[in-house]
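Student: Take a look at the letters that make up each chain.
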Amino acid sequence: MIEFFIAKKHILERKKQSIISILGIVIGITVLTVSIAISNGLNNNMINNILSISPHITITNNGYYIEDYESIMAKLEKISGVKGAIPTFSNQGILKTDNEEGSFSSGVKIQGMDLKKATQAMNLSKIMMAGKIEPEEYNKVLIGSELYDQFGLKVGDKVELTSAENKKVMLVVGGAFKSGSLDIDSSMVILPLVTAQLISESGDVLRSIDLTMNNAYDAPKVVGEVSKIVGEYRVRTWGDINNALLKALALEKTVMITLFSLIIIIAGFVVSVVLNTMVREKTRDIGILRSMGYSRKIIMRIFLLEGSILGIFGITTGIILSFLIMSLLKMGVFNKLTEIYYLTSIPVEISFKEICLIVGATAVVIFISSVFPSYRAAKLTPVEALKYE
Amino acid sequence: MNKTILQLKELSKSFKEKKTELKIIDNLSWEVKEQDFIAVLGKSGSGKSTFLNLIGILDKPDSGEIFIENKNINDLKEEERDLLRNRFLGFVFQFHYLLPEFSALENVMMPALINKKIDKKKIKEKAMELLRSVELEDRFDHKPSELSGGEKQRVAIARALMNDPKILLADEPTGNLDGETSEVIHRILHKINKERAQTIIVVTHSEELANVCKSRVYLKKGKLEISR
Chain A
1 MIEFFIAKKH
11 ILERKKQSII
21 SILGIVIGIT
31 VLTVSIAISN
41 GLNNNMINNI
51 LSISPHITIT
61 NNGYYIEDYE
71 SIMAKLEKIS
81 GVKGAIPTFS
91 NQGILKTDNE
101 EGSFSSGVKI
111 QGMDLKKATQ
121 AMNLSKIMMA
131 GKIEPEEYNK
141 VLIGSELYDQ
151 FGLKVGDKVE
161 LTSAENKKVM
171 LVVGGAFKSG
181 SLDIDSSMVI
191 LPLVTAQLIS
201 ESGDVLRSID
211 LTMNNAYDAP
221 KVVGEVSKIV
231 GEYRVRTWGD
241 INNALLKALA
251 LEKTVMITLF
261 SLIIIIAGFV
271 VSVVLNTMVR
281 EKTRDIGILR
291 SMGYSRKIIM
301 RIFLLEGSIL
311 GIFGITTGII
321 LSFLIMSLLK
331 MGVFNKLTEI
341 YYLTSIPVEI
351 SFKEICLIVG
361 ATAVVIFISS
371 VFPSYRAAKL
381 TPVEALKYE
Chain B
390 MNKTILQLKE
400 LSKSFKEKKT
410 ELKIIDNLSW
420 EVKEQDFIAV
430 LGKSGSGKST
440 FLNLIGILDK
450 PDSGEIFIEN
460 KNINDLKEEE
470 RDLLRNRFLG
480 FVFQFHYLLP
490 EFSALENVMM
500 PALINKKIDK
510 KKIKEKAMEL
520 LRSVELEDRF
530 DHKPSELSGG
540 EKQRVAIARA
550 LMNDPKILLA
560 DEPTGNLDGE
570 TSEVIHRILH
580 KINKERAQTI
590 IVVTHSEELA
600 NVCKSRVYLK
610 KGKLEISR
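Quick note, the sequences are listed as chains A and B, same order.
The first sequence finishes on residue 389 if you use the numbering used here, and the numbering steps up by one all the way, no holes.
The second sequence finishes on residue 617 if you use the numbering used here, and the numbering steps up by one all the way, no holes.
Hints are not guaranteed to be accurate.
[Claimed, not checked] Pairs of lysine-lysine residues, derived as DSS-like cross-links and limited to a Cα-Cα distance of at most 25 Å, are as follows:
{"no.": "1", "chain 1": "B", "residue 1": "Lys-511", "chain 2": "B", "residue 2": "Lys-532"}
{"no.": "2", "chain 1": "A", "residue 1": "Lys-8", "chain 2": "B", "residue 2": "Lys-509"}
{"no.": "3", "chain 1": "A", "residue 1": "Lys-387", "chain 2": "B", "residue 2": "Lys-610"}
{"no.": "4", "chain 1": "B", "residue 1": "Lys-612", "chain 2": "B", "residue 2": "Lys-432"}
{"no.": "5", "chain 1": "B", "residue 1": "Lys-555", "chain 2": "B", "residue 2": "Lys-392"}
{"no.": "6", "chain 1": "B", "residue 1": "Lys-509", "chain 2": "A", "residue 2": "Lys-9"}
{"no.": "7", "chain 1": "A", "residue 1": "Lys-8", "chain 2": "B", "residue 2": "Lys-610"}
{"no.": "8", "chain 1": "B", "residue 1": "Lys-449", "chain 2": "A", "residue 2": "Lys-297"}
{"no.": "9", "chain 1": "B", "residue 1": "Lys-532", "chain 2": "A", "residue 2": "Lys-387"}
Quick caveat, the hints were computed from the structure, so don't treat them as lab data.
Keep in mind the model is a prediction, meaning the values are calculated, not measured.
One chain only, chain A, in its complex shape (with noise of 0.2 Å):
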């Protein structure tokens, strides 16, 4: 293909050019791709987080205890998709201790749960850092790993639990989840359902409860399937919860791509300009090839194919370099950034989808800034490029 042959000898003859507009290329996808897969990584890991202790869908009565939640439970349990339902009870209180370290005392959010389910349910086992969870032993709570170390506590420690209702009682430390949030890990603990039902001397009733599904992502679909059953409970997936962390977070995101995205368009520009430039000094040799017999098409297949030709090397080195970095990433070579953000790797995802749309959108740019100088190029005359100085 003769375009090829000349759009390449063009290239190569012109190297500084050439790989400025790739290095542009390079930077815009990496850059692009990167930002990206780290956004993702940190919301999905927010979102696990969150999902690591939270409920997926969950049911309550306006305000109201939830009475005879057995048969509904019952019911529930048996809807496709949904992994386990946990009878909640929270309440907020302040924990006390007096150790060593010193006295300590916190405002806290208190879980009471059945633990039984929640360890089937929520795979609560997996989040604890110390202790283990122990259904049956009712003066026992779990605390949340940054209160725990701030207390400096130990497993089998004595801790002070005043209720809302300003019920105190004395309980011992089981062991310690880390969530992953810090707010939970902070100020959270979590107690057998009997015990909380207790203090809270509210009798055997539910604030809550709370559904988990095998796919969180599943919620929204059993939502109507759950309202039929539980009348006129309300029902609230995780996503209605956290609905303005989700939007803030898809914001957030909109806003990085629409800027990563001009350094794309700054690349293109590039490309316009360095393919202009090669126009104007090829324009005799354009009036050579016209007065060979070359037809304008095939002028400006030359130009647009060496703009193709830059946009798929910048692309394709883009995208490897972009793999390689988030591989490092994963590797945790920069996990000294990780520590500032409650983390212990910077967390990189992206899908298959996305890397299309960037790759697609980087060529659509690059075809786009190779069409103008290409179609100034097919339309110069004979004459009037042979005679250009």
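Given chain A, work out where chain B should sit, using these hints.
Tutor: Then chain B, alone, in the frame of chain A:
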């Protein structure tokens, strides 16, 4: 009697300069037969190059008709004109106009590479043969920057002959060369006309080159005067 290969009928071309119209070619009619070797002479600014651009289908006349092998150029679409230029015409310019990125051999191959039906190997063999015929067998892989002025012009002649054109058009082919090198080009053009029965039209200032040609015409005030 050789048949007519090029015919011009009442050809006119003018350029607008500021508010005045400059008539370069004025109602010009002319015929060129196969195997002719014609020198077109004229003063600087007489319109020789414009005339060559018109018969080389590089430019369009304001009025009149050009027939190449009885085909009226005016009836052709742009792509057909490109094709005609590729298959029927060969150009040699004053300043060689070789493509700097390509070797001498690649430059010669260039006009034939448009035709996808021809095998690239055959194109290469023919280009090598043409370069041998202009005594450049040891310059195949040399780029234009590595060739002398005379060598560049010989590569340009070989390139113009690549598609076996019906007419070879040369615009001041020795205008940029010294006397000795010019003589080599004269000899080559003469040889091509004689051995290949090639029709050649040369626009030149050079009396020496005009003397090599079989006939000469003068371009004066937009019209041709036949001399011999």
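Student: Go through the numbered hints given earlier and state which of them the structure violates, listing their numbers in rising order.
Tutor: Of the numbered hints, just 7 does not hold.
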